[in-house]
Amino acid sequence: MDSIKVFAPATVANVACGFDIFGFAVDSPGDEIIVRKSNLPGVRIKAIVGDEGRLPKEAERNTAGIAIQTYLKHIESDQGLELILHKKMPLGSGLGSSAASAVAGVFAINELLGRPLKQIDLLPFAMEGERLACGSAHADNVAPSLMGGFVVIRSYNPLDIITISTPAQLFATIVHPEIEVNTKDARHILKNEVSMKNTIIQMGNVAGLIAGLMKPDYDLIGRSMVDVIIEPIRAILIPEFSEVKQAALDAGALGCSISGSGPSMFALSCDHATALRVGNNMQAAFHSVGIGSELYVSGINQEGPRVLG
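The sequence shown runs 1 to 309 under UniProt numbering.
Note that these hints are calculated values from the structure, not bench results.
Worth double-checking, as some hints may not be accurate.
Cross-link-like lysine-lysine pairs, in silico, DSBU-like; alpha carbons within 30 angstroms at most [said to hold, decoys possible]:
1) K118 with K73
2) K57 with K37
3) K118 with K88
4) K5 with K118
5) K88 with K5
6) K46 with K118
7) K73 with K57
8) K88 with K46
9) K37 with K88
10) K5 with K57
11) K46 with K73
12) K197 with K215
13) K73 with K88
14) K5 with K46
15) K57 with K118
16) K5 with K73
Given the structure is predicted, the values throughout are model-derived calculations rather than measurements.
Please work from the sequences and hints to get the whole structure.
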């Protein structure tokens, strides 16, 4: 095989109470990459489609490129490669755009070279893409994009990733307003310390959300989707945040919060019809103040990246 085309899904990170430790994959949107073997040394990005010229084509400055370079160095391969990256999701959206590119790239090269590494062992290379993108090698986007499903990052040192089961009828609504939030800026405004009171509340919600997903108990899921540490700070970056959140709850959502660092907002619902109604309500709330948006409704993607051809 001389070339391969791969899709990697977008993700919702943090999932309300689980800052930097929770994330899940969705069916759409996502990124696609074509990786071709080359007789010339090095990793070269031939084209990036859908980024409006905003992303660097130098491999060492691109999340897909750096993930592949780190992977090749690890397996001690000098295989030359050409990449074509199709960005099929908005940049700076809070949907793991940089993570999807990194995952697509490292998954594609591992497949192209005959799977010398297990899929879970690709995670550190994808995390290097995140380090490049936002200055922190966090895994709450790349892990679910790579492994699929709902992921818990129990520990970063050593890296310990757990995939937990979720209800088959759990649906995610994602609304991406036509504004942009820089991930580095969204991390910069966070406090370095939190109160004991809020820590205890947050720990209870983290445990409750995991229990609710695994039982499954939809009411418990909803009661646990409360973030008293991150959301109150980052909400100021999203116009009409409170109104959009209330619109989701009024339409029957179990809970609603910020996807990653924003500005996308997500909600969870217990069936597809409710998830769609929630999305329409959220979009209407944004539209009422002149903000357009994109809507995605999806089950929890259990597959992760996949080969397209």
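Checked hints:
{"no.": "1", "hint": "K118 with K73", "in the structure": "holds, 16 angstroms"}
{"no.": "2", "hint": "K57 with K37", "in the structure": "holds, 17 angstroms"}
{"no.": "3", "hint": "K118 with K88", "in the structure": "holds, 27 angstroms"}
{"no.": "4", "hint": "K5 with K118", "in the structure": "holds, 19 angstroms"}
{"no.": "5", "hint": "K88 with K5", "in the structure": "holds, 14 angstroms"}
{"no.": "6", "hint": "K46 with K118", "in the structure": "holds, 28 angstroms"}
{"no.": "7", "hint": "K73 with K57", "in the structure": "holds, 20 angstroms"}
{"no.": "8", "hint": "K88 with K46", "in the structure": "holds, 17 angstroms"}
{"no.": "9", "hint": "K37 with K88", "in the structure": "holds, 23 angstroms"}
{"no.": "10", "hint": "K5 with K57", "in the structure": "holds, 18 angstroms"}
{"no.": "11", "hint": "K46 with K73", "in the structure": "holds, 21 angstroms"}
{"no.": "12", "hint": "K197 with K215", "in the structure": "holds, 27 angstroms"}
{"no.": "13", "hint": "K73 with K88", "in the structure": "holds, 28 angstroms"}
{"no.": "14", "hint": "K5 with K46", "in the structure": "holds, 14 angstroms"}
{"no.": "15", "hint": "K57 with K118", "in the structure": "holds, 28 angstroms"}
{"no.": "16", "hint": "K5 with K73", "in the structure": "holds, 22 angstroms"}
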